Each structure stands twice: as C-alpha cells, then as structure tokens.
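Chemist: Chain order of the listed sequences is A and B.
Using UniProt numbering, the letters of the first sequence correspond one by one to residues 1 to 240.
Using UniProt numbering, the letters of the second sequence correspond one by one to residues 1 to 240.
Calculated from the structure, these hints are not laboratory results.
Take the hints with a grain of salt, since some may be wrong.
If chains are identical, the list can't say which one is meant, so a pair holds when it fits in one copy or spans any two.
As the list claims (entries may be wrong) - Cut-off 30 angstroms, straight-line C-alpha distance, at most; resulting in silico cross-link-like pairs (DSS-like, lysine-lysine): (1) 14 with 141; (2) 190 with 158; (3) 14 with 228; (4) 120 with 190; (5) 189 with 158; (6) 174 with 212; (7) 204 with 228; (8) 14 with 120; (9) 141 with 174.
It should be emphasised that the depicted structure is a prediction, and the values quoted were computed from it without experimental measurement.
2 protein chains.
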Amino acid sequence: RLRQGLKPISGLVKSTLFLFLFLSSSSFLNSFRSSQTQSMELQVRLRQIFFFSFFLLTVLEHSYSARILTISKPDRHDVAASARWLVSQNIWGVLSTLSIEHQGAPFGNVVSFSDGLPGKGNGIPYFYLTSLDPTTRNALKDARASFTVSESPIGTCKRDPMDPTCSKLTLTGKLLQLDEGSEEEEVAKKALFTKHPEMMDWPKGHDFRVFKLEIINIFLINWYGGAKSISVDEYLRSKS
Amino acid sequence: RLRQGLKPISGLVKSTLFLFLFLSSSSFLNSFRSSQTQSMELQVRLRQIFFFSFFLLTVLEHSYSARILTISKPDRHDVAASARWLVSQNIWGVLSTLSIEHQGAPFGNVVSFSDGLPGKGNGIPYFYLTSLDPTTRNALKDARASFTVSESPIGTCKRDPMDPTCSKLTLTGKLLQLDEGSEEEEVAKKALFTKHPEMMDWPKGHDFRVFKLEIINIFLINWYGGAKSISVDEYLRSKS
C-alpha cells in the first residue's frame, strides 16, 4: 500500500516543482548569461534547490519500490513461499470457470482478489463476485475453477513474461460461495476491502457475494526445469 | 517498442549521471559554503548541468509514454476498436484450456502472444507453445479455449482492475496449431518474434509450435452496463 501511495504523491510534488520552475523561467536565460549580482545568486540557488529536490524525489521513489521488492521476493528454491508471494503481491488475476453459455468451454475472467490483510495473507484467494457476471453463474453450476497470476504485474520480471524466470502460478480447485454472516466471510470481506477499497462502493443492487477458491492443485513455474511440485498443505503452511 | 526501449536507456544514463555526482561529491558540501572562486563556479555549473539533465530525462521519459498511450486508446463507444486495442497493446495474457490432468477442470496459463507486427495486428492472438506445457497437450485433445487480457498491464487504468472502466477482454474459441511451413505460420512467427525477441532463443529441443485462437465469441467490458456485444466480423474488420 505504501509503495502504491508514494507514486501519486511524488508525482504531485514534482508537478508543483515543475510549475515553480515555469514561473521563474522568464528570467531563466538571463541569469545564465551573468550571475554576478546578488538577486541572480538567489535565482541560481533557487534553481539548484528545485533540481536537487526533483532528483531526490525521483531517486527516493525508485529506491523505495526496489527495496521493498528485493526484501519480499523469496528464494526461488523455497517454492511454497514463492507461490504464496505471487498470491500476496498481486491484486488481480484470471479466474477460469466452465462456461454455461459456450457449452462447457473454459472461460477466463479478469478479477480482483485478496488472500488477507497486507502481510497477513493465508494463501486462499477470496473474490467479490456478482451473479451478473458469467463467472459466478458458471461456478454455481459447476464449481471447478482455476485462478492464475503472473509475476509480471509485480514489476520484478527482467525477461519475457513467458520466460520461466518470470514466475507464474495456477491454482486449480473449487470456486465456492462463503456462507453469509459466517466468520470466514467477515475475514474475507475485510481482506478484500483492505486491498480493494473501491469494492465498498460497488452497487448494492448488484448483489455481490464473497467466494473463495478451495485449492486442490498448485502449478508453479518460477525457474527453468518445468512446473514445481508443491502440496496444498506445504503451500498453506508456508509464509508469504 | 520505442516506449519499452526508452526506460532502460534512460535508466542507464541516469546511473551514469549519478556516478558522476558521487565522484564529485567530496567537494560538494564545501562549495555550498562559498562559491566565489573560479573553480567553485565551475563546480556549481557542473552540478547544475547534472541536475538539469536528470530532470529533463525524467520528464522526457514520462511525457513520452503518456503521449503514446493517450493517442492510442480508442473511444469507448467504438467497442470493436477497444477490444482490438487491448489485444494489440498487451504482450501477455491468460490462455485457458480444459485440463486432462484435472478431469476437465478449466486450466488458465500465463502466455506471451502477438496479433501481428506493432501497429499492423489482425486481432488474432498467436502463441508459441511447447508440448511440455499442459496447455498444449490439453488443446491437442480438446481445442476449446479462451484467452483473457486486461487493460491493467497497459498502465491506463485509473481505478481498480475489476472496475468496469478498467477494460477486460475474453476471446473464446478454438486453440489450433498452424500448419508447419504454411504462409500463416510464417506471418505469425514474425509477429511473435518481433514482440518477443527472446522466443528466438528458446530451446530448439522443446519443440515449440505456433498456435492461434480461432475466435468464436468476444466478451468485452470497457464501461459500466455489462459486457458489450461485438461480432467476430466487426472485431476482425476493425482497426486497433
């Protein structure tokens, strides 16, 4: 969240700095010609401050996100942690169900999700779905589903999105609606609304319900040599 | 391509500038105290150049990508163009097939794709797949498939990835292997290798083949009010 929050703030400050430069730019070229008088000195100093602040902000912005990411990406040999990391860091993925409309064809749909409060996820993806969405109708008829995320949106891939070093994860299982008013539903809602505050304002009339993917199989590629074998138990016990 | 190329170059130049600053930083604080002598003047000027170049580069980098994106996103009322835009701008998506291993469950897999040379796409997603990948084996048994992309990776979404204003597209159809040596395969290979140069170096022994999604149905959400109706013909005739 902090990492996401920094960019707009930094952008705003930069814009202000830019405006400031623009306003003082009328005397900009003049001051380059001779900078001997006292007021010229001041202008030079002001411009120095401007450029230096801009520089600092940009470096801060980049180093900050880079640091966060370096700390959080697990060692690739810890495959369970790598899978959990992909689920905890992503905020959207593709949820596939068996299509009613298209005679059982697989139907992948872009959805937002959350596996828990930041840093406290449990590895189970929760969704907030409406029956206006074909994915929901499909799941209520046949719960078989898979959920797919990529490392690409996290920003740590150095190569092609399909290169094995750019991790990808597919969780196969059953897409189940949580009992309304249950404790699990409360926890899941909090998890969803924390990562996706906009969900709280989604139209009440659309009848959004909380679903989870009950995981049966884990397919992870996070290095060369094919899919890694991870049991559901290992995955759930691991810490992201 | 240009847009993608600018970031690393700019990063490199910035790093060089940063190194330059570091080397001259020993006298950095001194020169702030008094800047009367001739050599001090020079140092101040050098620093000015450094900060100004850094600033220019950053602004250039950002304005450049912003401009590209503003030009290319089509009007939301032109739904066929909006769908084509999502396919032409994305470089990866999720390809869902019916899993052999998991008794016909839908299996979504992260894949790279291309619908043509930049600015010359035809709207048909082409893939470069190996039989080591379960997706390929699934498709060869049952061709029913869907391919899903989001506006989120393009960087133009202002709201949550599941908000209807953040476009998403699911193409449902048949995943077919192209005849080896055919003209279509040649064109598709060029399309793939241009957007994904790394593919040319993928191991020959893994037996990569070119596939396409023969589109039967188009599911687009690019605004409030549910999925937009687009015929395959409209989609293929439109220009991205």
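Chemist: All hints are to be evaluated individually against the structure, with a verdict given for each.
Modeler: To see whether the hints hold, each was checked on the structure:
no.: 1; hint: 14 with 141; result: neither (51 angstroms within a copy, 55 angstroms between copies)
no.: 2; hint: 190 with 158; result: between (33 angstroms within a copy, 23 angstroms between copies)
no.: 3; hint: 14 with 228; result: neither (44 angstroms within a copy, 38 angstroms between copies)
no.: 4; hint: 120 with 190; result: within (12 angstroms within a copy, 45 angstroms between copies)
no.: 5; hint: 189 with 158; result: between (34 angstroms within a copy, 23 angstroms between copies)
no.: 6; hint: 174 with 212; result: both (8 angstroms within a copy, 29 angstroms between copies)
no.: 7; hint: 204 with 228; result: between (41 angstroms within a copy, 22 angstroms between copies)
no.: 8; hint: 14 with 120; result: neither (33 angstroms within a copy, 37 angstroms between copies)
no.: 9; hint: 141 with 174; result: both (11 angstroms within a copy, 23 angstroms between copies)
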